[in-house]
Amino acid sequence: MDDDQTLTARLAADLDGAFEQFVRANADGVYSVALRLLGDAHEAEDVAQETFVRAYRSLARWPKERILELRPRPWLTRITLNLVRNRARVRRPHTQPLRDGTWVAPEAERPEVHAERVEATAAVTALLERLPERDRVAIVLKHVHGLGYPEVAEALGRPVGTVKAQVHRGLAKLREALGADDSKSGTMADNEVTR
Amino acid sequence: MTEQTPTWRETVAGVRTLRTRAPATLVPDVLAEVGIADGYASLPSPIGEVLVAFRRGPDGSDLVTMLSPAGDAAVFEHEHLARTGRPVRPVREAPAAVRRSVHAGRPVGIGFDLARQSPFERDVLRKAGEIPSGEVRSYAWVAREIGRPAAVRAVGSALGRNPVPLLIPCHRVVRSDGRIGQYAFGSPVKRAVLSAEGVDPDELELLARKAVRYIGSDTTNVFCLPTCHAARRIQPRHQVRFATATAAAAAGYRPCKRCRPVAAVVIA
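In the order they appear, the protein sequences are chains H and B.
Under the working numbering, the first residue of the first sequence carries the number 1, and numbering increases by one thereafter.
Under the working numbering, the first residue of the second sequence carries the number 196, and numbering increases by one thereafter.
No wet-lab data here; the hints were simulated from the structure.
Certain hints may be false.
[Claimed, not checked] So, partial list: chain B residues that the calculated Cβ filter (under 7 Å) puts toward chain H:
#	residue
1	Thr206
2	Arg211
3	Arg216
4	Asp224
[As the list claims (entries may be wrong)] Non-contacting residues of chain H with respect to chain B, defined by C-beta distances greater than 10 Å in every case (computed):
#	residue
5	Asp3
6	Arg10
7	Ala13
8	Asp28
9	Gln49
10	Leu68
11	Trp75
12	Ala123
13	Glu133
14	Tyr149
15	Leu156
16	Pro159
The beta carbon of each residue, even a glycine, is placed where N, CA and C say it ideally should be.
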């Protein structure tokens with residue numbers, strides 16, 4: 001929250017000077033949400049780019065007071081979700097499965113670790129795809145983007161309690177499904193941080 | 196372990212693996228698109244692969260800021276900062292107008308950012324841009340046309356600092372003695388570009404060695420620079436060659452209004 005306030009203060013004072021940091025701070029989150037909801041790396045990059053371009057054009061038009069009141073992460077997420085929805089509508093949702101295993105390796109990662117992660121990612125992606133849309137979006141915003149529950153609620157325009165329930169229900173289904181599939185739960189467990 | 200249902204924590208950790216690093220080009224793409232920073236890309240051109248930097252102008256048009264032979268990206272970025280005062284980053288895709296222009300080797304729906312050039316340099320580059328494809332002019336011609344007839348050497352320096360060679364056709368300016376002269380991409384490339392545009396550099400040098408500076412037509416009594424399109428349409432049997440404008444004037448010829456081989460004052 002403090003970070004958000006510093007950021008909005010800088011954006012309000014010097015949009016062009018502060019905007020790059022704003023994009024960098026949110027690039028992974030916005031891109032990941034687009035990727036996991038659209039399932040296509042190229043489309044996800046388009047949506048992420050368009051999200052920030054729209055954000056910039058709005059900020060450039062707005063008076064300072066409005067920027068200062070802004071909660072940047074839910075606001076950006078709403079823009080992303082709108083763009084995702086527009087594309088999904090064109091593409092006919094639910095008929096096309098998510099493309100599995102999209103994962104960009106950090107430069108230093110060893111190939112075998114990368115391979116494991118791709119496998120684990122593929123398994124979770126496939127299962128996530130089977131969840132109802134509402135639960136899926138809530139989980140992606142909470143755990144892939146890393147938003148807090150109030151932020152997810154704001155981005156989705158749903159009460160916090162509803163969002164918590166959706167995330168919880170979705171995760172429970174995922175957990176069950178991962179347990180039912182031996183090979184996939186194996187790769188997931190390998191990937192887990194030691195407790 | 197693998198046969199059991201994963202713990203709650205393991206499930207969350209699994210979902211978190213779906214967080215993905217955004218492609219490295221995302222930030223530069225955004226900054227270039229909104230006009231905060233310049234972007235660049237490697238693009239095919241008539242003289243091979245080149246690095247081209249661009250940004251969105253205030254009116255939404257695409258401005259090309261720098262063009263260099265393909266080479267070290269870090270060197271290009273450093274030079275861009277030094278020349279324009281703005282950082283530049285590689286983007287996923289250049290704007291369509293920029294791609295079209297570089298592919299064609301001439302500006303198609305783009306502008307240039309010459310804010311860092313002096314007014315004199317801008318005049319020189321703008322004048323070079325008026326030279327039609329398939330023709331050449333001399334450094335002295337450019338100097339005279341922009342109203343600075345004594346600044347021939349300065350014209351040469353200004354063209355040498357052309358930030359956007361190829362698209363601003365400094366290659367169409369050659370030495371008065373007919374030699375092709377220097378080029379950002381090297382003299383051989385300058386010859387090749389001119390050849391591709393329909394100028395024969397060997398023939399140009401040959402004419403200069405024979406002290407032929409102007410070509411006239413004995414049917415129209417007009418004299419031109421050798422590469423002027425009007426001069427090249429003259430039938431060989433009607434061609435008259437001159438070493439100096441004075442000789443042409445003495446023979447009763449007037450200068451071509453298209454290629455303006457001599458200053459207007461001389462005509463009177």
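Hint by hint, which ones does the structure fall short of? 8, 9 and 12
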